[in-house]
Every structure is written in structure tokens, then in C-alpha cells.
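Trainee: Sequence:
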Amino acid sequence: MATIDGRPAQYGVSLKQLRELMEHRGPEGIQKLGMLGGTQELCKKLYTSPNEGLSGSKADTEHRRDTFGSNTIPPKPPKTFLTLVWEALQDVTLIILEVAALVSLGLSFYQPADDDPTADEEEGHYAWIEGLAILISVIVVVIVTAFNDYTKERQFRGLQSRIEGEHKFSVIRQSEVKQISVGDIIVGDICQIKYGDLLPADGVLIQSNDLKIDESSLTGESDHVKKGESFDPMVLSGTHVMEGSGKMLVTAVGVNSQAGIIFTLLGAAVDQQEQHIKKMKKEAKKQNKKKKSLSGDEETGVTSNNHVSQEEENHVPAPAASSGGGESGHKKEKSVLQAKLTKLAIQIGYAGSTIAVLTVIILIIQFCVKTFVIDQKQWKTTYVNNLVKHLIIGVTVLVVAVPEGLPLAVTLSLAYSVKKMMKDNNLVRHLDACETMGNATAICSDKTGTLTTNRMTVVQSYICEKLCKVTPRFTDIPGFVGETIVQGIAVNSAYTSRIMPSQDPTGPPMQVGNKTECALLGFVNALNRSYQGVRDDFPEESFTRVYTFNSVRKSMSTIIPYKGGYRLYTKGASEIVLKKCAFIYGHDGHLEKFTRDMQERLLHQVIEPMACDGLRTISVAFRDFVPGKAEINQVHIDAEPNWEDEENIVNNLTCLCVVGIEDPVRPEVPDAIRKCQKAGITVRMVTGDNINTARSIATKCGILKPTDDFIILEGKEFNRRIRDANGDVQQHLLDKVWPKLRVLARSSPTDKYTLVKGMIDSKISETREVVAVTGDGTNDGPALKKADVGFAMGIAGTDVAKEASDIILTDDNFSSIVKAVMWGRNVYDSIAKFLQFQLTVNVVAVIVAFIGACAIQDSPLKAVQMLWVNLIMDTLASLALATEMPTPDLLLRKPYGRTKPLISRTMMKNILGQAVYQLFIIFALLFVGDRLLDIPSGRGQQLNSDPNQHFTVIFNSFVMMTLFNEFNARKIHGQRNVFQGIFTNPIFYSIWIGTCVSQVLIIQFGKMAFSTKGLTLEQWLWCLFFGIGTLIWGQLVTSIPTRKIPKKLSWGRGQPDEYTEAIHLGDEKFDPDSDKKPRAGQILWIRGLTRLQTQLRVVRAFKSTLEDLEERLSVHSSHSMPGLKLRAGRLPADIAYIDDDSGNASTNKSRFLALPKRSRHHGSVETPI
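So that you can map any letter, position 415 of the sequence shown is 415 in my numbering, and since no number is skipped, the others follow by simple counting.
Read the hints as simulated data drawn from the structure, not as lab findings.
If a hint is listed, it holds; no wrong ones were tucked in.
Computed list of lysine-lysine pairs in DSS-like fashion (alpha-carbon distance at most 30 Å, straight line):
1. Lys675 <-> Lys419
2. Lys1044 <-> Lys909
3. Lys675 <-> Lys763
4. Lys716 <-> Lys212
5. Lys894 <-> Lys763
6. Lys466 <-> Lys593
7. Lys79 <-> Lys420
8. Lys178 <-> Lys44
9. Lys580 <-> Lys466
10. Lys45 <-> Lys178
11. Lys894 <-> Lys678
12. Lys675 <-> Lys423
13. Lys168 <-> Lys178
14. Lys419 <-> Lys168
15. Lys678 <-> Lys423
16. Lys580 <-> Lys563
If you anchor each label on the Cβ, the simulated ranges turn out as follows:
17. Asp504 <-> Met35: 44 to 54 Å
18. Lys178 <-> Ser542: 20 to 30 Å
19. Ser542 <-> His587: 31 to 41 Å
20. Asp66 <-> Ala639: 46 to 56 Å
21. Pro478 <-> Thr595: 17 to 27 Å
22. Ser161 <-> Gln40: 36 to 46 Å
23. Ser990 <-> Ser161: 26 to 36 Å
24. His636 <-> Asp504: 44 to 54 Å
Note that the structure is predicted; figures quoted are calculated from it, not measured.
Where is the CB? At the ideal position from N, CA and C, for every residue including glycine.
All chains, please: the whole structure from these sequences, using the hints.
Mentor: This is how it looks when you write it as C-alpha cells:
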């Protein structure tokens, strides 16, 4: 018989049986498990041990993977480079150019019979070059676009694997608890599960304490489900542990788990849906044509009521209509920057397309009048070539006018920032969070671990009426009291919390698990006692009952069998535990009644002074249940007490000790908070700790200053102030509290959510608050989702918090949030720099082409030349300007807010100032340049004539001015030194030098292909002189006071929400309540003209990989469900631009097993508190 690692290769149970087992719940599940012989028998059949786990040997692991599958969901294969090239070719403007170039090519070889063959022979030699050059330019643009898309997707998959690698889970192998990557979990593993975990696989409970699980991601039911070995032992992947702890045997992983099975069904559904969607599209088009021809009216654009086909039809899903009732109307707005950019792009698109059409019309009219009216020539078929040339010029003007580099710049800037932010300990899960952070006006931070080091130590203790500021000697503590304290701490802490020897011999020991518990265990070690010995005597399996810590109890209790009866140990927040105490040990360990007076005295003399030193105070107490004669502090029992009656069980306790735990403020935090305050960001501390501890820490951090008029509230007082007589939260009452609130102590996650929601919904200031929140606990989920940016702790955070967050702080450090603010502002500024640069080029190129067409019947800048300028300013400049590093100066200004115009008055001053200079130089060169430089004039030349130096100088001067203006564009706040920090950005100067070299080659060797003729040294020096002039002119423009410029000149102003409906590019589904519905004609304009969609694909590539990642991260969690539904309805490649549009939850809920919609920034939060 074949063996693996000395055991039979044949398992006692098959994959099919295990899959069937996991489909049952409750009594049915127990029955099904019984048929397999129960949990212990199942362990034997899988050759694993409940206490020792698997051996973890390579052979065994591989064999289990082959037999039962691996714990991964196969990702969607990335798009190939050719697919991306094909997608880039779909762009309408490029298609027009390609067709025009092909026609031009065809006509250049076509020799009509009625032509004089000798006359045009010379021209014919070169006529084909321009057509070919345009084709080649188009190919270059397409390849660059596709390459950008390709690298972005690759980069994002790298980020994806990084996030996947971050997700670790505790398993027992070879009797040791090990943290392994979720993908490495195999059937037969024994996993330790605890509060806040996101379960990575299906399993059966071996042992559990007070376990409650949120199964809403599978069932849609929001109530927490109690789990236990005796009544419901089945736990499923993608569900969240909301309370308690336990051990489970893994029975199904990856595609065989319940979540994986759903994935497989959805995957199959996607293919069917695609076919269905294509059919629907065709039908819709036919119907639209019929409608148009019948009515002659504009089509309304809504093609069908089918939810799925609609979303597929629109590249960007429209915001969901309010699903009525409550808050669900709160739809997530587009990110501020994105809304402003989209509006701007449309305005520019309109302007550019109007000028392009006018240029073509003027060129054609002038040609016809001159040829047929003035010269009175006959029509010849070769004239078609002239008309095609005019069309090409028009289309090229359009290409230059439309800022297709904008989305690319956004994406590049975001992608670059995301990559760099990882080095600053910010793991960004949602791209737009990065930019939103730059607008943040408020940060609500946790205390423990974020503002403090989360390295806790007991520094004071109060035992038997003795207050010690150092660790007491164990011999000084009365014997019975000392042993009980040691046993109480060792048993009544999660067994996952432990003190490990440091890897660095000189460093302090490592704390693993809950840091407060680690501090208590460290206290036991400091008393020269071993907590592990106690735990070996009382294994978890022997516990009678555990009341785990949660935000309501603020304490943890464990009941163990003891001397024929039971003993209960409790530890928790001092004021809460002491209220339940009836006895205390006094001098020399004498038992005394703990009267109300003693409680008050202890509170004022011990607990408050500890708290004022910034210490967290914890009390340890116990209670005995004895079958025989009971002492004064014991309870006599005849039968097992009713453990469900927690109120009476955890009462009349005997206090053993009070300890003060120090969690020092991180040394870098006060400085980080000072930076935030300078940057106009208010920092508030929301903590579960005692009000005195909170006040002390807030003062040390600099959140509170002695002179300030700010308030500190406890959760109870906060609720009293903001709720009306019926107990409902009232916004007007909240608005009186939050502006001055700086510290909220003894708060629950509900309070945190209420505060965040109240700040976001508040209307008291002109612009709404942009709120960032940090959280680490399971119950912080709602607040993290509600906030504009949710930060989860990478080290102390639970999986649930990470799932709900936008950014994970890999070092749990507040100063990393400040870096995120800096990067966010940098993204905004990078886009503004790019805009300032690009709009200058747009304005100049379009006006030159237009006036050239009117004045000299030809554009001084030829089609190929304009395509080259377009390539410089779009692709290359967006790379150069979007990759600037952030500087500390970014934190010296207030947040921009939601209504600040995208193009400020300073920027508009620079754009118009530079445009005036460049237009003056170009028109001077055009009309008098030939005389100044003593070269033949290029005006009024025939079609297809040889390139001349006159127009080459104009082209070269334009490019030189553009290149030098790139330096001016680096500063947008009116700084004089435009070269500052130039060497911190190698991408910028490499691209700049590369572009200069290319330009020299194009001018000297471009010849017919680029319509250029080599220039002399003197002519080159003139071009350089004009180029450098932009820098000098820039200094003059900067000297003009911005105050003198009318506010009307700032562009992109207004609240983003005002125009979110109208700006979905190519979107054919509109808000039914919107007054201003764009007509289908406008939509087609925008669709055809803006190359924005080309680059939107980049972002969608990001987005789809992000969705895939989130789905696979949790194999299946409530958060990743929208991703599933999107996949079910349409390809992930068509996921919306950057932000999640929270769709109409009610429509989605009916689809696919009622998987709940997880909508970030959506009012209705489905996690109950």
C-alpha cells in the first residue's frame, strides 16, 4: 500500500464527502458529522491531530493539495499586450486619422488619366510619405498607450500579491502555533480562530469559547450566529468572527469551500452573461435606429431596462437612484479631483471640436473659392487629395485640443504614489483614497498603537493596599494572593497572547497577540513566575465557559473547574470591574468587605492618579463556586450554575489587584500632529480608555493644549448631548458638539460611527468635512466604511477592519498618516502641474492651426508635427510631471476643499501669460520670420511641396518653448525658483533630455516624413533663444499680482456633486430626476471626441485587478461581493473609473444568493453594532 510520510496515501474520507458535509448547518450538520464518526474521528481520517496539527512536511502538504485542492481562487488571466493594443486602436479620433491617412496614401499612388503625368511626377515621389508618417505616428501613440496600460496592470498585480502576502493566519503544526499565508492552508490543518478574524477556509470546530460569527456575506442575514461543537460546529470561509475564539479543523479550501463553489458558479455565469449582453446591445442599437427614423427626435439614450445590459453598456455606471428610505440616498460622490477633471475635459473637448470643425470648413471653403472661383479651374479627381489633407489637419487640431493625457496623468500619478506610499508604510487598497487624503480636514484617530507604541508594560501595581511604582518582589505579596493573581492572569488571557524571547539578544522580549494581555503576562514573568506552567495545567479544552472581551463588556472572564467546584477569573477596565467587586484583600492578605467608601477612595487615590500619568488601569478579580461550606466571598452550589446568566455570575467578585499599564506615546507623534495642525487638519482622539488617561495622552501628543478652548467628553455624556428625548441622534445637536470636541473617551464603536457620520453630514461649514478615520477592531468596520478614508492597522488590526479600510498602515503609526496626506496633496498638485503645462500647449497649437488656416490657407504646424507635440505633452509630460516627489512645503497650506477651482487664478495667469508669449513668437515668425532670418518664405506654398526652413523654424521654436515651459509648469503656487528639487526626479530630467535629443534628430533628419528641413547653427540658436525666453517671461508673469486677476478666470469651480450626473463619459443611463439630461447627440460628441476613454481603461485595469484581489484575499467576504456581482453582470475590465459607485443595493440583493452589497461611503451600513 502506498504511503506518504509513513501514513497511508488513501484518506478515510473523500473530497465529495467533505464538500457535502459543509453544505449542512446546525442539527443537520451534527448528524452529518456523526455519520463520519464525529470530529475526533474525522481528524483521524484526515491523518491530523487536534493538538499537534499536521507535520507540515513537503510531501504531505503536496499530497493534500493534489487531493483536496489549494486555498486559492485562480485569478482572471491578465490582458495580453495585443489585446491592449487592439483596445487602444478603438479610439474614435485615431480611427478617423487612420482612415484619412490611408485615403491620403491611396490617392498619392492614384494617377488619374486626365492628369498631365510629368507635372506631378516630382510631387508624387513624396506624396505618400506624409500619409505613411501619420500612420506610423498613430501606431506609436497606440503602442505607447498599450505599454502604459500593460505596465500599470503588471504593477497592480505586484501590489495584489503584496496584499495577499500580508494576510496571514494562525495554524498549529508540529504542536507549535505558526503564522502562515492564507494560500498555504490545506485540508487537515488545525487553525486557531479569534475575534476579528476573516475565516480563510471551511472547517469544523474542535473547541470554542463564546464564538459568534457574522455570516452575512453568505446568507445576507445580519444577525450574528452562535457557534459551538455541540450545536453548530460548521464555520465557513469569508465569514467574520465577531466574538470569542476557538480551534477548527479545515475541511474544504479554495474552489471546494462554500465561497469557492459560489465563485465557480459566478465564473460560469459571466460567459453566459457576456453572450446575452452582446445580443442585447445589438438589439438596442437596432431599436434606437428604428426609433430615430420613426420619430426624428433625439434618442434618449436609455436602451433597455435590463439591469445587467445597462451596466455593460456604460463604461461608467451611473450613480444609483436613491433606494428610498433612511440614508440610502447618500451615494458615494466621485472623488473630488475626478469630478473636476471630467468636467474640465468635457469643456475642453467641446471647445477643441468646435475649432477643429471650423478649421476644416474654412480650409475647404478657401480652397474651393481660390481654385474654382478665382482661378476658374475645372474639377480634377486629384483635388480629393487636397480635401483629405484639410480633413487631416482638422482632425489633428482635434487630437491636440483634447487633453487625453489627463486620465493618464491621474493614473500615473496615483500609481506612482501608491508604489511610493508602500515604502512609507501605507498599503493603499482603493486608489482614490490616496487623492482624497490630500483634501482631508479631520482625522479621528485611535489611541492605542496609533498614537502610542503599543508596547505595553505594567509600571505600577496596587496589591493588598500597597501601591508600588516598581515591580514588587513575589515574596512581598501574601502567598495565596500572589498565586491567585498569577493563575488569574495566565488562565484568563487568550492563549494566543504570549511573550517570546527576542530575536535580538539585546532587545526586549517579543509580545505576540493582545498587547494588554502581554503586559500582564510580562508582569507575571517579572514576578519570576511562569504563566506557561499554569496554562499547561489548565488547557483551553478544560474551560467551562469564557465570556470574551468586547466593547460592551470591557472585560473578559474565564471559568475553570476548581477543587470540585468552579473558579471565575475576571480582568478588565478598573472602574467597571471594581463596581462588580464586593471584597478586597487588605493588609497582609486579610479579606475585607469592599464598601462604597473604599471604592471611592481607591478611585481617587489610586486609579485617577494612575490615569493622569497616562496609564491604562486594569483590575484582576475572582470568584469561587464551591459545593461544600462556603467562605464569606464564595458561593455555595448544589448543581452547575446557569452560565447564561452572566449578570449574576460575574458579580460579588473579590478584587486581587489593580495594575497601571504604560503605553508610551510614539516619539514621532507630537511632531506629526503639529504638522497636521499646520496643514489645517484637526486631529481628534477617539478611545475606549479612561477619560484621565485619554486627557494625559492627548496633552502629551499635542492634540490638547492647556490654553485651548476645546472639550473632552466620555461616551455617555457625548450621547446625552447629541440625542433627543426619544434617544435619536439629531444633526443640529451634533453640530454643537463636534467642532470643539478633541477627545472622546470610554467610547464605543457606535459613538465613533455617529461622530464620523455627523461630521460628514454636517452643513455648518461652507465645504463639507473630509474625514479620515483609523480603526483596528472588528466593530470599527462601519466607521471605517463611512469615513472618506479608512485607515486600518496592519499589525494590531483585525481582518474585518482591514477589509473595511482604504489604506492599511503597515506599521500602525500615526506619522504614516501624515505621509499619506502629503502624498495625497502631491497627487493633486501633480495633476495641476500637468494641466498648467498641457493647457498652454493646447491653447497655442489650436490657435496657430486655426489662424494659420484662415490667414495662409495652411497650418504652419503639420499633422505629423502636431502628433509629435501631442506625444510630448500628453504621454511624456504626464510621466515627467506626475512623478514629482512630495515636499514638506505641501503641509504648510490648508486643504484645497471640495469647491476650490481646479485651475487657480495663479495657474490661469501662467497659462494665459505663456500662451501670449508663444503666440507672439510664432505669429512673428510666421509673418515676418522669413525676412528676419533671411530665408525663403513658406507661406502660400503648393500642396506636397518640399519642406522649407521657414515652417521648420516655427515648428522647432514651438517645441523648444513647450519644453522650457515644462520647467515653469513644475511650480503652481507662484514660486520663483522653477528648478528647485529638479534632481530629486530622475524621470523628469531623463524624459526632458530624451525629448530634446529626439527633437534634434527630427529637425535634422526628419525631412519629408516630418515636413522638416535641416537648420543651420544660427537658426538653432534663435529657436533656443525663444525657448529660454519662456523662463524669463515666466518670471515676469509671476510678478503680476494674482489678486488683480478676476475670479471668473479660475476654472473647474463648484461643488463636484453638482455635475456628477452629466459627466459620465459615454454613459447612456441618466438620473431620472436630473433636469439637465445631456442629449444623445452631445453624448456621441463626447464619446467620439474625448480620448479619455482610452485611458479610463488603464484605471479599469487597476480596478478589475483590485476587485479580483479583494475577492481572492478573503476567498469570499462581504466586502468583495460587489466585485462578484459586477463580474456576474459584466467583465471586470468595465469597472468604474477609480471610485466605487455604490449601486442600488435593493436591485443587487436579489442576485446571486442574496450576497449583501458592500458599498463604501454608502449610508446603510450592514454590519450591526
